Amino acid sequence: MATGTHRVTMSEKFADELIELAGTFRNVADSGDFLAVSLNRDIERTIELANGGKIAHVASTARILATANAGELFDLHDVTDLHNLRWFALDLASRLEDWAHGVRAGVLLGLLARFLPGDERTRFVAEAIGNLGDCEHWWQRVDHLIGLAVGTPRLAWMMHRDNRRGRA
Amino acid sequence: MAPPDRPQRVTLPTLQILAAFMSDPGRDDWYGRALSVHTGLGSGTVLQALYRLENWGWLESRWEDKDVATRDGRPPRRFYQLTGVGQREANALVVARFKGQLRFAPGGGLG
Chain A
1 MATGTHRVTM SEKFADELIE LAGTFRNVAD SGDFLAVSLN RDIERTIELA
51 NGGKIAHVAS TARILATANA GELFDLHDVT DLHNLRWFAL DLASRLEDWA
101 HGVRAGVLLG LLARFLPGDE RTRFVAEAIG NLGDCEHWWQ RVDHLIGLAV
151 GTPRLAWMMH RDNRRGRA
Chain B
1 MAPPDRPQRV TLPTLQILAA FMSDPGRDDW YGRALSVHTG LGSGTVLQAL
51 YRLENWGWLE SRWEDKDVAT RDGRPPRRFY QLTGVGQREA NALVVARFKG
101 QLRFAPGGGL G
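Residue numbers (the working numbering), protein chains in the order written: chain A, 1 to 168; chain B, 1 to 111.
Among the hints, a few may not be true.
[Said to hold, decoys possible] Here are the computed distance ranges between Cβ atoms for each label pair:
1) A:Gly118 to B:Arg97: 21 to 27 Å
2) A:Asn163 to B:Ala19: 35 to 41 Å
3) A:Gly110 to B:Val95: 41 to 47 Å
4) B:Gly84 to A:Gly110: 32 to 38 Å
5) B:Thr70 to A:Thr122: 16 to 22 Å
6) B:Thr11 to A:Val125: 34 to 40 Å
Don't read these hints as lab results, they were simulated from the structure.
Bear in mind the structure is a predicted one, so any value in this text is a computation, not a measurement.
Beta carbons are placed, not taken as given, at the ideal position from N, Cα and C, and that holds for glycine.
Isolated chain B (complex conformation):
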């Protein structure tokens, strides 16, 4: 992974992915396929957005416990979650982009 970078522009698909994370900021088990289903974006688009966001330091990722995956009879997933920086930056970004169109629930999630 390349060193953290600052976003020069944030694309609409990336905003959609961020919105998914912000709908439940404490969730630590988002994975590519779940985000694709949630947002309706293609798997490649989701992967690009996740790469960008992780590169900026807004997301962090980890592998699912192998034992859990084996118990469920499937391969392990790569889990993503918002970082503290990501939550602050995403809140500021979405508020700036959608001022007056969104309301936020207590704790930073989308209301």
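Just chain A, same shape as in the assembly:
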């Protein structure tokens, strides 16, 4: 694996996981070089792209993927949501700055909101947008969005649990 100063380290296991996940999204292969290369199962080129600075937050992507797995454990929603979330994670990694703004951030928030009980979704999205409005730089928005992506499945689990208790 390529390592060193100013370089991203990607474990072989993680590279394999990315490529395996990318393989489930063949219909969106035009969403970036990274995804396209992953689809071609070219591990060396994938790592080269990651280390080239195009993908600055590979570790964060791994966290989002882990989040998606956590969502599966919680059995929150249809597996389509989880696949979508993984796709967003891959696309986020390949086009971080683009994702941090406007409509694309809204789409990601909308997807995350789908994990929550119906009556909590509007507030979640509006509150997140309010907080994003406080971010001066695009990378702060990315960090904020990644934090939400990591924390939302747990929040959703808490909300669904409280709703069940309320009904009991």
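We have chain A already, so just place chain B on it with the hints.
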């Protein structure tokens, strides 16, 4: 929002959020991003803590006035503040957890 619940355990991030509120108990305009910056916690972690604390009745929240937000050229924020119950419970909790390590300013804030 589910009915008020009693805390079975209070996590360290939740304690960090409480400490932020207790540093200025009268402040009524804390919001997620400000708490994230203040504590160094991730946005998702902050949101979970705020949900817990509001569910317990320790915090209450409101939307920022739209006119104010529009004037500043940004979306409205969701503001949080300690309730009376929250201030009492948080004081008792922090004193119990950090006995001998903290001193409190007059009015209940952290000194």
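Each hint tested on the structure:
no.: 1; hint: A:Gly118 to B:Arg97: 21 to 27 Å; verdict: violated, 36 Å
no.: 2; hint: A:Asn163 to B:Ala19: 35 to 41 Å; verdict: violated, 29 Å
no.: 3; hint: A:Gly110 to B:Val95: 41 to 47 Å; verdict: holds, 42 Å
no.: 4; hint: B:Gly84 to A:Gly110: 32 to 38 Å; verdict: holds, 37 Å
no.: 5; hint: B:Thr70 to A:Thr122: 16 to 22 Å; verdict: holds, 19 Å
no.: 6; hint: B:Thr11 to A:Val125: 34 to 40 Å; verdict: violated, 25 Å
Taken one by one, the earlier hints fail for this structure at numbers 1, 2, 6, listed in ascending order.
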